[in-house]
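Chemist: This is what each chain is made of:
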Amino acid sequence: MVSFIAYELGFGIKRLVVVYLISSIFAVLPVWFFLKFIAFGASAMIFALFAFESPELRSFKINLGIVYLIIAVVMFFQIKEKYSFAGHLCGFVFGLGLYCGFKIFDKRKQKILRRC
Amino acid sequence: MKKVPTGIPGFDNLVFGGFPRGRNILLSGPCGSGKTIFGIQYLYNGVVQNREPGLYVTLEETKEKIYEDMFSLGFDLSRLEKSGMFCTIGGPIARVKYFMDKVNAGVKHIVKEIEEVVRKNNIKRVVVDSLNLLTILAKSDEERRKVMAMLCNSLSSFGCTSILISETEEGSMKLSRYGMEEFVVDGVVVLYLVRQGSRFIPGIAVRKMRGSDHDKEIRVYKIGHGGIVVYPNETMFGEV
Numbered sequence: 007m008v009s010f011i012a013y014e015l016g017f018g019i020k021r022l023v024v025v026y027l028i029s030s031i032f033a034v035l036p037v038w039f040f041l042k043f044i045a046f047g048a049s050a051m052i053f054a055l056f057a058f059e060s061p062e063l064r065s066f067k068i069n070l071g072i073v074y075l076i077i078a079v080v081m082f083f084q085i086k087e088k089y090s091f092a093g094h095l096c097g098f099v100f101g102l103g104l105y106c107g108f109k110i111f112d113k114r115k116q117k118i119l120r121r122c
Numbered sequence: 232m233k234k235v236p237t238g239i240p241g242f243d244n245l246v247f248g249g250f251p252r253g254r255n256i257l258l259s260g261p262c263g264s265g266k267t268i269f270g271i272q273y274l275y276n277g278v279v280q281n282r283e284p285g286l287y288v289t290l291e292e293t294k295e296k297i298y299e300d301m302f303s304l305g306f307d308l309s310r311l312e313k314s315g316m317f318c319t320i321g322g323p324i325a326r327v328k329y330f331m332d333k334v335n336a337g338v339k340h341i342v343k344e345i346e347e348v349v350r351k352n353n354i355k356r357v358v359v360d361s362l363n364l365l366t367i368l369a370k371s372d373e374e375r376r377k378v379m380a381m382l383c384n385s386l387s388s389f390g391c392t393s394i395l396i397s398e399t400e401e402g403s404m405k406l407s408r409y410g411m412e413e414f415v416v417d418g419v420v421v422l423y424l425v426r427q428g429s430r431f432i433p434g435i436a437v438r439k440m441r442g443s444d445h446d447k448e449i450r451v452y453k454i455g456h457g458g459i460v461v462y463p464n465e466t467m468f469g470e471v
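Chains as they are written, first to last, in the numbering used here: chain Z, 7 to 122; chain G, 232 to 471.
For the record, the hints were derived by calculation from the structure and aren't laboratory data.
Once the Cα atoms are required to be at most 20 Å apart in a straight line, the calculated EDC-like pairs of lysine to aspartate or glutamate come out as:
no., chain 1, residue 1, chain 2, residue 2
1, G, 377, G, 346
2, G, 328, G, 374
3, Z, 117, G, 346
4, Z, 113, G, 347
5, Z, 117, G, 347
To give an idea of the interface, some chain G residues facing chain Z are shown, with a C-beta separation under 8 Å as derived from the structure:
no., residue
6, 288
7, 320
8, 321
9, 322
10, 326
11, 327
12, 330
13, 336
14, 340
15, 341
16, 343
17, 344
18, 347
Predicted model only: the values in this text are computed from it and were never measured. Beta carbons: idealized from backbone N, C-alpha and C, even for Gly.
Generate coordinates for the entire structure from the input sequences, incorporating the hints supplied.
Modeler: Laid out in structure tokens, this is it:
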């Protein structure tokens, strides 16, 4: 599903691989730091990718409130499994953070005509 | 349907009151036919007569050069810009390309930037000068089509009534450079320069206007101080 959304949004494979690899490292760091547990699960990275794509779902006229509510419900049911819950949450937050980072980077590209 | 008067003397008679609001109009013609003047006059009148903020996107000349040229025709664009109702973005295509390469940007970023300026300044009238140069920045025909559709959609979604300028080849009967622009837009206005002996007679015709009736003849126009004046009762050629 994540790949399908990425394809429809035209993100490009390079950007997705970058997000996947960076989040695979940085999303597990808080888990290790706070819970002293190291986990390398693909699911945290998938959460990161989904978080990275989610703000752009607005272009499909999808209500972001509903999207985040579904994710919150999914996470709520994982709350007992504290390591996977923490990993997924970190992945999701990190994905949103990366989205903001890329947005700031993209802003530079949208100031061409005004610089001329 | 609500109309947006261009304020160009005589032209609004050809489109029965003005362009349909929120639509994209292609303005094509050969070099020297007055496309830029038409575009600027449309924006200038929008601010002065209708209090509608305007945006001029240039990919041909520097802002200073355009302001200087238009000042000689009686359009004080600097004063208009200071009022906050008018802005110009862009510059010569080589400069635009230089900055694009510097930050590895694509033509879709240019469209996004136009969209951002429109949104921030609550722009209601836009002129893109020219569509040929904008689409030159695209790497393929597919991207060209996508960019045109993207530009038209986003301008319409903001409620802008826009003029997209396209330069046609001298003596050509084509309405646009690539032959696809006229299908993306809602209206087409063509400027002609017809050679008669040793001089060129300028003519203007409305070829297409979705959602509105329009004049079907080629009418004569003149360019002088104060810009373009269209003579809605004078046809270019008599009855055959």
